[in-house]
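Assemble the whole structure, with the sequences as input and the hints as a guide.
Number of protein chains: 2
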Amino acid sequence: MPLQYSHQPINRERWLRELAELLAFPTISAQTQHRRDIEASALWLKEHLTRLGLRHAQILPGPNGGHPSVYADWLLAPGQPTLLFYGHYDVQPVDPLRDWRTPPFQATHVGQNLFARGASDDKGQFLIHLKAIESYLKTVGSLPINVKVWLEGEEEINSPNLPALLDREEARLRADAVLISDTEMLGQGRPSIIYGLRGNLNFELEVGGPRHDLHSGRYGGAVHNPLQALCEMIAGLHNHAGRVTIPGFYDRVREVAHALRQELRCAGPTDEDILTDLDLPQGWGEEGYSLFERMIIRPALTVNGIFGGYVGPGNKSVIPKKAVARLSMRLVPDQNPEEIAHLLRRHFTTVKPPAVTTRLKITGGSPPVIISRRHPALTAASRAIYHTWGVPPVFTRSGGSIPFVPYLQQYFGVPIILLGFGLPDDDIHAPNEKISLPNFFRGIETIIRFLQEYRL
Amino acid sequence: MPLQYSHQPINRERWLRELAELLAFPTISAQTQHRRDIEASALWLKEHLTRLGLRHAQILPGPNGGHPSVYADWLLAPGQPTLLFYGHYDVQPVDPLRDWRTPPFQATHVGQNLFARGASDDKGQFLIHLKAIESYLKTVGSLPINVKVWLEGEEEINSPNLPALLDREEARLRADAVLISDTEMLGQGRPSIIYGLRGNLNFELEVGGPRHDLHSGRYGGAVHNPLQALCEMIAGLHNHAGRVTIPGFYDRVREVAHALRQELRCAGPTDEDILTDLDLPQGWGEEGYSLFERMIIRPALTVNGIFGGYVGPGNKSVIPKKAVARLSMRLVPDQNPEEIAHLLRRHFTTVKPPAVTTRLKITGGSPPVIISRRHPALTAASRAIYHTWGVPPVFTRSGGSIPFVPYLQQYFGVPIILLGFGLPDDDIHAPNEKISLPNFFRGIETIIRFLQEYRL
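Line order of the protein sequences matches chains G and L. Each residue of the first sequence is one higher than the one before, counting from 464 in this note's numbering. Each residue of the second sequence is one higher than the one before, counting from 464 in this note's numbering.
Hints in this document: simulated from the structure, not taken from any laboratory. Idealized CB from N, CA, C, for every residue including glycine. Hints should not be assumed to be uniformly reliable.
Said to hold, decoys possible - Here are a few chain L residues that face chain G, going by a calculated C-beta distance under 10 Å:
1. Ser492
2. Gln494
3. Arg674
4. Gly775
To be verified - A partial selection of chain G residues facing chain L, derived with a Cβ cut-off under 8 Å:
5. Ile697
6. Ala698
7. Ile737
8. Ser864
What the hints assert, rightly or not - Taking CB as the label site, the calculated pair distances span:
9. Gly775(G) / Arg822(L): 14 to 24 Å
10. Lys824(G) / Gly699(L): 22 to 32 Å
11. Arg635(L) / Lys824(G): 53 to 63 Å
12. Gly671(L) / Leu919(G): 50 to 60 Å
13. Asn702(L) / Gly775(G): 30 to 40 Å
Set out below in structure tokens:
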């Protein structure tokens, strides 16, 4: 019955309209001017959860003035396990805007895809959960297990208020397992369950020079340039073998078993697949590892942005007074963000050119995580996938970070099921993000089936 | 009589009002949106030249759609030499705006200084010329020599249309010597004549990577980052001894005579003077040379601006699709901009990391220049300085470039007198540019005296 409901064209059309409504909120958590959009979106979600038939729908205020999250539950299946559905309704900034072929906050249907910021990361994916729940409640009138739904508003800024929120809401959020659809499959028709995530560490490096901008004709060659010093420090962060040069950086990186590397080689894309997908002639990075391994089992350090000097029209002959870089690291087991931050601080103190000043600001971080594959909830998820897709899921790891996951794992000690329906070409965090609509609908079927399979 | 006129408070007050009017035009030649301000300023200047009593005041259209220049003359001294007064009424961009303590286009009198963009570079300085001419014409009623005044509108963008303009206007502009006040004195009370200027070469380096921005969590460590590659290429442009690493870069750098270095050591500021002036703990640059030598007799390479990736509020986990740097070089005799551009192109082709693409764009350049100190016009200028300031001028060289100078020197083969009244702390090209008003008025006296001294 729920499956039948989820196949009715009239429901499917309405679901796409609802998804478009949700995608229209520019819920960019990194940009304070979108605070009201975030609040409006939270209200929309609260009302939507109520309409589905869930109970106790409410907006949970963000601790420390952070963005709110939205909660609802259905706990009328005594003796059955409780599953926490997690999603995040905040999105990444849309820059560079001019690279978007369609307006980022106006869902646009092209072929088999729906384009908008947040379509895959994560509004489209958590709506899959809600529509599976709806399918049950509107047909059977009840759910086979107990569920809690929690939609966060700060994932894209590294969930800074999560520890405080978990302290306050532990009882409300506690469950036997957590389901998250915020990852992707290995490819079309290759459903995957992620059992490992890289951690991260975000930081900003500011290099200061003269008190004010100087004329580079006059002082060029005699005064060190903050932009050049910044380039030197960034260039020095990798050696010729593509390894990060920060002393101690690799000390805790766990040796990966040969069997696992073998498994990744079979399951994952080849270097050629990745390069073809990205339309790149060549990869880059740490010698001795495949591109896929570099993406998921090896740590990485990336410059996300640099800003300094004059970049307006024409030329300006200037030695700028300061230059700033935004960087981020991806960490693997058992690297620890605090420890790495300490190594980083020490490293920059050592390599700082003497003629400039530097300021290092840590702006966020979360530890890497590995989830045990041997739990009834994961077995149930596997079965649901097999029944819906006709193939068993590939158990694999992801290069991205979901700060929520390690926190929650540490807090509740329950398994986190990372069962995502995104595709590698969804362009999350980039212009022209999209979701595959066949995946959206088949995702709903998968979750309906999972609710059945997880019943004791 | 002219000197007396130039001392009358009523004239001095009016001159400052006129300077303020001229400084109010935001004549930023690098920014196309200021085209009308430039045209309005040219009109103001044409009318001002007429009011002074000069003849043939007119706006000369810029060739190839470039900014106009303003011309006037007074040629009624038969048998006497003809002096061309050169100035430029365009100014540098004002960024960063928030570092200005007063509005950049509203002249503000603080203590002995007048603050505004262009106060020293070059509106305030060429107004010195005009007020010396005015002092003669309003008292004696004539000038001791023939003069031509030419005010350019594209100096700050490297005078791109100067060759075409000289081709068209050669007859009109031809003179026996050229006077330019667009440089600075060595310090308060230390008038200087510049007899050498560094050349320059401006370029933009763009590094391209993936077709669109990628999620750095996902691809970090496996895809080369245009920002990082850019940093590597920039960091590689200098070695540990502060020397530019481009092969062949120093091949034509003229060996400087021991006597000249001795002279610079006596005339110029010490390292300590320069660092105190800039409030910097330490200099930077090519080993084996003093800071002053690095600023004027050694070539230099500077990053003027970098942009790429996400630099808005919060974090964005991105590998950007491209990164751009603006750079400029200062060249010394006998380096040639075209040849250096060729070496640069070859160098970047060699060092380009294989996983990215690069595009080098040359955006301007001018050769270095040396002016003979033995010409009657320079002798006359020396005498005028000695009489007005009580000390002989220091003959020195400057680190900056005035593209007009080498072009004009090459074209007319006449001496260029670089007699400036700026001070080292005028902050030209930076926020809070100013001119010293005592220098402004004493500059007028100096030019009045020079007009007498240059008479045969």
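Comparing the hints with the structure gives:
no.	hint	verdict
1	Ser492	7 Å, holds
2	Gln494	5 Å, holds
3	Arg674	5 Å, holds
4	Gly775	6 Å, holds
5	Ile697	4 Å, holds
6	Ala698	4 Å, holds
7	Ile737	7 Å, holds
8	Ser864	5 Å, holds
9	Gly775(G) / Arg822(L): 14 to 24 Å	19 Å, holds
10	Lys824(G) / Gly699(L): 22 to 32 Å	27 Å, holds
11	Arg635(L) / Lys824(G): 53 to 63 Å	58 Å, holds
12	Gly671(L) / Leu919(G): 50 to 60 Å	56 Å, holds
13	Asn702(L) / Gly775(G): 30 to 40 Å	31 Å, holds
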